[in-house]
Amino acid sequence: MKPILSIRNLQVYYPLITGVVKAVDNVSLDIYEGEVLGLIGESGSGKSTLGLSILKLVPPPGRIVNGSIIFEGTDLVKLPETEMRKVRGRKISMIFQDPSAALNPLIKVGEHIVEMLISHTGADVKKAWKIAEETLESLGIPKARAYDYPHQLSGGMKQRVMIATAIVLKPKLIIADEPTTALDVIVQDQILDIFKYLKSKFKLSIMLITHDLSIVADLADKTAIMYAGKIVEYGTVDQIYYDPLHPYTRGLLASIPQLGKKKELYVIPGEPPDLRNPPSGCRFHPRCSKAMDICRKKEPPEVVLEDGRRVLCWLYAKR
Amino acid sequence: MKNILLEVRNLKKYFPVERSLIERFLASVKGKREFVHAVDDISFDIIGGETFCLVGESGCGKTTTGRLVVRLLKPTSGSILFEGNDISYLPEKKLRPYRRRMQIIFQDPYTSLNPRMRVGKIVSHPLEIHGIASGKEIKELVLEMLSKVGLSPPDYFYEKYPHELSGGQRQRVAIARALILKPKFIVADEPTSSLDVSIRSKILKLLLDLKREYNLTYLYITHDLATAYYICDRIAVMYLGKIVELGPADMVLEEPLHPYTNALISAIPLPDPKLSKSREKIKLKGEVPSPINPPPGCRFHPRCPYATSICKVEEPKLVRVSGEHYVACHNPLMKK
Amino acid sequence: MAGFLDKMILGRKEVRATIEGKMLITGFIIVMVLTFLAIFAPYIVPHDPYKAVAKPYIPPFTDLSHPLGSNFLGYDVLSRVIWGTRNSLMVAALAVVIASIGIPLGLISGYVGGIVDRVLSLLMDSLYAFPGIVLAVAISFMLGPGLFNVALAIAVIYIPTYFRVVRAQTLSVRENLYVEAAKAIGASSLTIIRSYVAPNVLLVAIPVLSLNFADAILTEAGLSFLGVGLPPTEPDWGVDISGSRGDVTRGIWWTTMFPGLMIFLATLGFMLISEGLNALLNPKSRMRQ
Numbered sequence: 058m059k060p061i062l063s064i065r066n067l068q069v070y071y072p073l074i075t076g077v078v079k080a081v082d083n084v085s086l087d088i089y090e091g092e093v094l095g096l097i098g099e100s101g102s103g104k105s106t107l108g109l110s111i112l113k114l115v116p117p118p119g120r121i122v123n124g125s126i127i128f129e130g131t132d133l134v135k136l137p138e139t140e141m142r143k144v145r146g147r148k149i150s151m152i153f154q155d156p157s158a159a160l161n162p163l164i165k166v167g168e169h170i171v172e173m174l175i176s177h178t179g180a181d182v183k184k185a186w187k188i189a190e191e192t193l194e195s196l197g198i199p200k201a202r203a204y205d206y207p208h209q210l211s212g213g214m215k216q217r218v219m220i221a222t223a224i225v226l227k228p229k230l231i232i233a234d235e236p237t238t239a240l241d242v243i244v245q246d247q248i249l250d251i252f253k254y255l256k257s258k259f260k261l262s263i264m265l266i267t268h269d270l271s272i273v274a275d276l277a278d279k280t281a282i283m284y285a286g287k288i289v290e291y292g293t294v295d296q297i298y299y300d301p302l303h304p305y306t307r308g309l310l311a312s313i314p315q316l317g318k319k320k321e322l323y324v325i326p327g328e329p330p331d332l333r334n335p336p337s338g339c340r341f342h343p344r345c346s347k348a349m350d351i352c353r354k355k356e357p358p359e360v361v362l363e364d365g366r367r368v369l370c371w372l373y374a375k376r
Numbered sequence: 512m513k514n515i516l517l518e519v520r521n522l523k524k525y526f527p528v529e530r531s532l533i534e535r536f537l538a539s540v541k542g543k544r545e546f547v548h549a550v551d552d553i554s555f556d557i558i559g560g561e562t563f564c565l566v567g568e569s570g571c572g573k574t575t576t577g578r579l580v581v582r583l584l585k586p587t588s589g590s591i592l593f594e595g596n597d598i599s600y601l602p603e604k605k606l607r608p609y610r611r612r613m614q615i616i617f618q619d620p621y622t623s624l625n626p627r628m629r630v631g632k633i634v635s636h637p638l639e640i641h642g643i644a645s646g647k648e649i650k651e652l653v654l655e656m657l658s659k660v661g662l663s664p665p666d667y668f669y670e671k672y673p674h675e676l677s678g679g680q681r682q683r684v685a686i687a688r689a690l691i692l693k694p695k696f697i698v699a700d701e702p703t704s705s706l707d708v709s710i711r712s713k714i715l716k717l718l719l720d721l722k723r724e725y726n727l728t729y730l731y732i733t734h735d736l737a738t739a740y741y742i743c744d745r746i747a748v749m750y751l752g753k754i755v756e757l758g759p760a761d762m763v764l765e766e767p768l769h770p771y772t773n774a775l776i777s778a779i780p781l782p783d784p785k786l787s788k789s790r791e792k793i794k795l796k797g798e799v800p801s802p803i804n805p806p807p808g809c810r811f812h813p814r815c816p817y818a819t820s821i822c823k824v825e826e827p828k829l830v831r832v833s834g835e836h837y838v839a840c841h842n843p844l845m846k847k
Numbered sequence: 239m240a241g242f243l244d245k246m247i248l249g250r251k252e253v254r255a256t257i258e259g260k261m262l263i264t265g266f267i268i269v270m271v272l273t274f275l276a277i278f279a280p281y282i283v284p285h286d287p288y289k290a291v292a293k294p295y296i297p298p299f300t301d302l303s304h305p306l307g308s309n310f311l312g313y314d315v316l317s318r319v320i321w322g323t324r325n326s327l328m329v330a331a332l333a334v335v336i337a338s339i340g341i342p343l344g345l346i347s348g349y350v351g352g353i354v355d356r357v358l359s360l361l362m363d364s365l366y367a368f369p370g371i372v373l374a375v376a377i378s379f380m381l382g383p384g385l386f387n388v389a390l391a392i393a394v395i396y397i398p399t400y401f402r403v404v405r406a407q408t409l410s411v412r413e414n415l416y417v418e419a420a421k422a423i424g425a426s427s428l429t430i431i432r433s434y435v436a437p438n439v440l441l442v443a444i445p446v447l448s449l450n451f452a453d454a455i456l457t458e459a460g461l462s463f464l465g466v467g468l469p470p471t472e473p474d475w476g477v478d479i480s481g482s483r484g485d486v487t488r489g490i491w492w493t494t495m496f497p498g499l500m501i502f503l504a505t506l507g508f509m510l511i512s513e514g515l516n517a518l519l520n521p522k523s524r525m526r527q
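These protein sequence lines map, in sequence, to chains V, G and W.
Following this note's numbering from start to finish, the first sequence increments by one per residue and tops out at 376.
Following this note's numbering from start to finish, the second sequence increments by one per residue and tops out at 847.
Following this note's numbering from start to finish, the third sequence increments by one per residue and tops out at 527.
Just so you know, the hints here were simulated from the structure itself, not pulled from any lab data.
Just to be clear, a hint being listed does not mean it is correct.
Unchecked claim - Listed next, the in silico DSS-like pairs over lysine-lysine satisfying Cα-Cα at most 30 angstroms (straight line):
no.: 1; chain 1: G; residue 1: Lys-632; chain 2: V; residue 2: Lys-319
no.: 2; chain 1: V; residue 1: Lys-148; chain 2: V; residue 2: Lys-256
no.: 3; chain 1: V; residue 1: Lys-347; chain 2: G; residue 2: Lys-650
no.: 4; chain 1: G; residue 1: Lys-650; chain 2: G; residue 2: Lys-695
no.: 5; chain 1: G; residue 1: Lys-716; chain 2: V; residue 2: Lys-260
no.: 6; chain 1: G; residue 1: Lys-716; chain 2: V; residue 2: Lys-347
no.: 7; chain 1: G; residue 1: Lys-785; chain 2: V; residue 2: Lys-320
no.: 8; chain 1: V; residue 1: Lys-165; chain 2: V; residue 2: Lys-184
no.: 9; chain 1: V; residue 1: Lys-79; chain 2: V; residue 2: Lys-354
no.: 10; chain 1: G; residue 1: Lys-647; chain 2: V; residue 2: Lys-253
no.: 11; chain 1: V; residue 1: Lys-260; chain 2: G; residue 2: Lys-785
no.: 12; chain 1: G; residue 1: Lys-632; chain 2: G; residue 2: Lys-647
no.: 13; chain 1: G; residue 1: Lys-543; chain 2: V; residue 2: Lys-256
no.: 14; chain 1: V; residue 1: Lys-229; chain 2: V; residue 2: Lys-165
Build out the structure end to end from the sequences listed, making use of the hints.
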């Protein structure tokens, strides 16, 4: 099966006055049709930058320095801006964390969707509004609310409007950057259900970017763990959660409490690194309980295991 | 005989909705003023030495309750007894001695520290304000506390400004500041929510260690039931300004009696793919209504899958069901 | 405070490279030169600026002992211009010191709120509504000529600006969590204002200070030009331009040009500092690089 999106050796750097931040450092990733990929990372891991770079939305002074992003046979990195605009919203959409910030407070809620339709497909206004109403209804918002303004909607409803604008043109891939972080637990559950519905009904692929391991466990098929700009582990959700290989993944899983399970919490020592001056060799070595001499000196190679898993760690490399 | 450190009775806090003079005038002319019923008649005790959790979604009133209990807010009505003393309506001057015995740790370590003060001064300021120790003694006490919270070497951190520290380090400074007066009681308002995932367990463990060492009592406020399960002895679940269930953490979280608690637990994703996907989930419709006009009767009735006609008219009282487990519901779930 | 500014701003070479940094440094240099002139005027002036020392209307760059020429009364233009720096800067400095009463007023008003805030704001807003120069002329006229009076007149129109800027910042800082934290540890309102609010507010007043300086110099020159500022015998840029008003039509440009140039330079210097500081201390208002 061929992936719908292939990222190869992507490097995205931010040249700041105080140093160059290697936000995404040589990342390779595939997303397949109808699959949810959970991209897990903490702040500073580069996960948001990775999401933004797929749609070439990295804010200056950040830029894609190297690598390729192949989508439907085209390398998006090399695509000019005019062509890129046809991809955004139509072939690949993005949903952000705070729907209040993303919605224009002066425009009716339905109009956001109508604008999308008109600018991309040139549909006529009446038809566009009808589609907007139906899309909102399919996501649980009554048709009449399409004529409300954003401030009249609750947080969960606003996020549904965002999702509606993201799916109305039937894209192949949605990138969701922390879509439920600003929402309460019960609303989060409702939004995750929507994602499940979209995945099963439209065979939509979703890249779920988050720091929350639990929602990835619930929603995703595959998981990639990011640390300091690199993907340190990649595999199916079952593999990662029941048999984590990378010490960082293991540490993370052991450090989060779980309702209904009595456990001692593991504490990962140290602090996340300064990306202008990352540690030598393996970026995780200062915090790793299994660090060896070579981890301090040389960056680990990516090891591909028989079951298709990938790990960036000297523990699994064959010498 | 249990040592009850904090007694809260019929506590209410209403915030007026209008802001400007003109709005207030217009509202009083129209005959009704609107209020946000942030905390609406809650009562509970906190026993010395325990970790008592307040959980709920945003807008339930847990943060307001935390602020009320340390008197950063004044109650609209009701009472707060701390170590037997009624501090509910005391003026600021009379409250000062109590501030030595109760402290608060805030959620956001990025804004709870004065950006213009060095760490040493931030932690020593409470000592100066209350006239405890002076000169070299103060510095020694501060250095000792910095070590205790894991900021080592303390001399190095003493001179730093907050912006030179990471989120986890800043939160530890905030903890040091709260502990320097050796209080008996600490309100911890979501102390790990703003921190990176890999740091949270470190701070949680620190709070537990410090509790043992200094014999503290915690009111721990959180929206994360998993954390509450890990850290709490007793737990109160809040919804729209009211306590809907209260009891030992294990009991409430493993065998909930209130439909809301049940729905909350079921909505939490688990870091266990098979378990998460296979379990039975209760789906609540809609969202939390506005605290300005809460629904009549039981506030949860519009969304409750088990609501009956009495729920629409009569507010259920918090009653003991078994042992120390209380619930406010006309149709509580049966215990297994 | 200067030490902090130095270390935090000028010390970093990355900052020096930016436009704002260059503005700041240029302004600083200009102001330093002027201050030097003002302080050492008694030792630098080639002639007594209060006395006629030459034939009237000697053109500039012709006579080495009068490099900038002489004016209609035979006073040496260079000496007058240098001494004028002293007067201008002294008036401006005094005006800024008096006007800065607006800072503590803004702090208290913003923090305490309530009726105190409403009364003070009303007072300040009324003052602010007056056209500045008209008020300055009126006050100056009432008080009579003299250094202190001019400074007072200028100060009064600037107090509301300090008040507003500081009050607005105080309102914002007051809502910060660290102020609430200060209450929780038992700090009194006075302690909170002094240690938690003021240090986070005062930064915002610094660009206003510099702006005030620039404006004061300009206003003082204007008042003196109109005859309600310093007495006509004083070596002062505004006075000199006023006295030499008629010269230009006769082709005599240096008696007004050089005092005018000094006014321009002094104002420019302080404006550059104000703009540079403002941009550096409030990075959000900076343009994208």
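Hints versus structure:
no.: 1; hint: Lys-632/G x Lys-319/V; in the structure: violated, 40 angstroms
no.: 2; hint: Lys-148/V x Lys-256/V; in the structure: holds, 15 angstroms
no.: 3; hint: Lys-347/V x Lys-650/G; in the structure: violated, 38 angstroms
no.: 4; hint: Lys-650/G x Lys-695/G; in the structure: holds, 22 angstroms
no.: 5; hint: Lys-716/G x Lys-260/V; in the structure: violated, 43 angstroms
no.: 6; hint: Lys-716/G x Lys-347/V; in the structure: holds, 22 angstroms
no.: 7; hint: Lys-785/G x Lys-320/V; in the structure: holds, 19 angstroms
no.: 8; hint: Lys-165/V x Lys-184/V; in the structure: holds, 17 angstroms
no.: 9; hint: Lys-79/V x Lys-354/V; in the structure: holds, 19 angstroms
no.: 10; hint: Lys-647/G x Lys-253/V; in the structure: violated, 62 angstroms
no.: 11; hint: Lys-260/V x Lys-785/G; in the structure: holds, 22 angstroms
no.: 12; hint: Lys-632/G x Lys-647/G; in the structure: holds, 13 angstroms
no.: 13; hint: Lys-543/G x Lys-256/V; in the structure: violated, 49 angstroms
no.: 14; hint: Lys-229/V x Lys-165/V; in the structure: holds, 26 angstroms
Violated hints for the displayed structure, listed by number in ascending order: 1, 3, 5, 10, 13.
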